[in-house]
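> If you want the building blocks of each chain, they are given just below.
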Amino acid sequence: MQLTIKYFGLLAEVTATTEELLETETCSVFELVKTLKNQYPKLGDTNFKIAVDQQLIDLNYIIETNAEIALLPPFAGG
Amino acid sequence: MNSLHSRYQRQIILPEIGLSGQEKLSASKVLVIGAGGLGCPILQYLTAAGIGTIGIVDFDIVDTSNLHRQILYGTSSLGKNKAVAAKERLIDLNPEITITTYTERLTTKNAISIFLEYDIIVDGTDNFSTRYLINDACVITKKPLVYGAIFKFEGQVSVFNYQNGPSYRCLFPEPPKAGSVPSCAEIGVLGVLPGIIGSMQANEVLKIILGLDTILSGKLFTYDCLTTRSSNFGINRVETEISKVLETSSHFKTIDYDLFCGIQKITEITPKEAFLIKNVQFIDVRDPHEQPKIDSLHPIYIPLGKLKEKVNTITKEKEIILFCQSGIRSKKAVEILLQEGFKNVSHIQGGAVALHENISNLTGLLKYD
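So the sequences go chain by chain: A and B.
Here the first sequence is numbered in full-length UniProt numbering, starting from 1 and rising by one per residue.
Here the second sequence is numbered in full-length UniProt numbering, starting from 1 and rising by one per residue.
Source of the hints: derived by calculation from the structure; they are not laboratory data.
Ideal Cβ positions, reconstructed from N, Cα and C, are used throughout, including at glycine.
Cross-link-like lysine-lysine pairs, in silico, DSSO-like; alpha carbons within 30 angstroms at most:
id : chain 1 : residue 1 : chain 2 : residue 2
1  : B       : K143      : A       : K49
2  : A       : K37       : B       : K219
3  : B       : K177      : A       : K34
4  : B       : K219      : A       : K42
5  : B       : K219      : A       : K6
Far from chain A by the CB rule (all over 12 angstroms, computed), these chain B residues:
id : residue
6  : L19
7  : K29
8  : G52
9  : P144
10 : N279
Simulated restraints, written as ranges between beta carbons of each label pair:
id : chain 1 : residue 1 : chain 2 : residue 2 : range
11 : B       : K109      : A       : Q39       : 44 to 52 angstroms
12 : B       : T107      : A       : Y40       : 31 to 39 angstroms
13 : B       : E88       : A       : A67       : 48 to 56 angstroms
14 : A       : G44       : B       : S20       : 52 to 60 angstroms
Here chain A stands alone, though its shape is the one from the complex (with noise of 0.2 angstroms):
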């Protein structure tokens, strides 16, 4: 299956792109952020939380078709 994954905010520099596809099999979520983090170590110093299809979901869920998948960091600037 195809993944979209678009990166938000400082996640967007950390891997110098706002938007990839990835080729996967189905996979839960924490194994989908495992290979993120082995493509781009910097990844693994900062913090976000994971859409997919819009939706915020947890680490357990499991990933089995063609999705969005959205990494999002907080911001604090105001």
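Once you've looked at the hints, dock chain B against the given chain A.
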């Protein structure tokens, strides 16, 4: 038609508002925390719309570098407390409402009693420690929280704690590591972005008061002003996060939110103490144009935004004392140097303004070793 009606006529004729809606706005009390980039448009629109009572919390003072985005202020506001300067502009905009200013820092000691005076709390602050404090105080006092935050060209908006909806902690249970998310002072911000995000926060406040059924609760709205991409993400309420906060209500006043956010204690010294310390390197973290210069301390000049990249040029052999105009940016500068491994770092209370006021009495104390 009396003056009240003519002032609000264009919104009263909307069927969603009407006279009854205007009366609801006029009877409502809204607290805006932070009168900065987000706070200015929030306050401007809420005042113009005729919110009956508005509270403004801000301990900071207006600085030249604020003016490109903090649109309530002009050059005549420089050096004034932001809550006070905002009120001056807002009572001219609408003298028919009540505005209360709180010029002290929001803390666990005063938050609950202030929040209880208001119907809706709006977060326009610029740091995680205050954002968690505000969220938790809203959970404890059962007040809806209109949240907005920005990072470079992106913004987030949501309504938390609204009719059993999720709270900020249901979205982000833990703060990021201290210093891992840079602030506007470090990385910059386009003036229009807080204008857009703050205006959206004001819009949510009005919708809550008017009882419109399309509140941004349970959703995180994100906007990127470079790509004009916007998204809405669903957020679920997490009962364990809410309970954890409620359990703290009996000892809320003793919680250290800086510690929770991993912020190290910042040493603040008076101008007199600064003049007495030996083997010291002063650093002026203001922008080059800012006056008055404090030449007698022989500072090196590194603006806050350049501090990280120039950190290798700073000696670790001496005690470091930082100052800015008023003591706000220098505090951030201390945080940066502590993260970079400096041990003996402090900053001057009241900054160059306080130094300048005391300088004639203090230059006699200067020691040259």
